[in-house]
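Peer 1: The primary structure of each chain is shown beneath.
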Amino acid sequence: KAGVTQTPRYLIKTRGQQVTLSCSPISGHRSVSWYQQTPGQGLQFLFEYFSETQRNKGNFPGRFSGRQFSNSRSEMNVSTLELGDSALYLCASSRSLTGGDYEQYFGPGTRLTVT
Amino acid sequence: EDQVTQSPEALRLQEGESSSLNCSYTVSGLRGLFWYRQDPGKGPEFLFTLYSAGEEKEKERLKATLTKKESFLHITAPKPEDSATYLCAVQAGRDDKIIFGKGTRLHILP
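Sequence lines, in order, name chains A and B.
If you're matching positions, the first sequence starts at -4 in this note's numbering and goes up one per residue.
If you're matching positions, the second sequence starts at 33 in this note's numbering and goes up one per residue.
So that you can see chain A by itself, here it is in the shape it has in the complex (with noise of 0.2 angstroms):
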């Protein structure tokens, strides 16, 4: 069974510019969770899409958005890049949000470099 793939792996951008990546889930989840991480401050929540709905958004500005498509596929995208945004992004899926099937199983993440 294929895992969560992220695309693309590494990224360079400069600051002002906007980013998008891309993450497909495990094959039946339909539950998509982006984190962003970092040295200092770990893993922090980002959001959660079910069903192409966000159900949940951690403390982040407004220039991070995501979306989910039909196939449970998901895109989140930065615009107007600081530096402080060079992280590694991680996505995660789940089949479902709670009762049990809350395992998340995570990507490889996409190093995004921003100079």
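Derived by calculation from the structure, the hints in this document are not laboratory data.
A few chain B residues facing chain A, derived, Cβ under 7 angstroms: (1) Lys74; (2) Gly75; (3) Pro76; (4) Phe78; (5) Thr81; (6) Asp127; (7) Ile130; (8) Phe132; (9) Lys134.
Below, computed lysine-lysine pairings styled on DSBU-like, alpha-carbon distance capped at 35 angstroms: (10) A:Lys8 x B:Lys129; (11) A:Lys52 x B:Lys101; (12) B:Lys74 x A:Lys52; (13) B:Lys134 x A:Lys8; (14) B:Lys95 x A:Lys52; (15) B:Lys74 x B:Lys95; (16) B:Lys111 x B:Lys91.
Chain A is faced by these chain B residues, among others (derived, beta-carbon under 10 angstroms): (17) Ala121; (18) Lys129; (19) Gly135.
The beta carbon of each residue, even a glycine, is placed where N, CA and C say it ideally should be.
Starting from the known structure of chain A, fit chain B onto it as the hints suggest.
Peer 2: Relative to chain A, chain B alone:
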């Protein structure tokens, strides 16, 4: 404010030297507590889910336990391949928010 704190931040053990990692939490309405393992350059790998105080789960040399305020990840007779960062996360509140701790970096010396 909901919080998850892991200790110690880093731990060095000799091969075969058993120990425990701690995850303490202050949240309202705990729905589940999760343990993950993360190797450098990779995404976290799911290990366990615990739902209620008193629950225990085991996998090879790892055993996770849960109380009303904290969880422990016990590592018995660790091997060098157990070296990794171990992350704890909780799902809590009406909005099922997920909060991660900052992890414990475990290094097992041969």
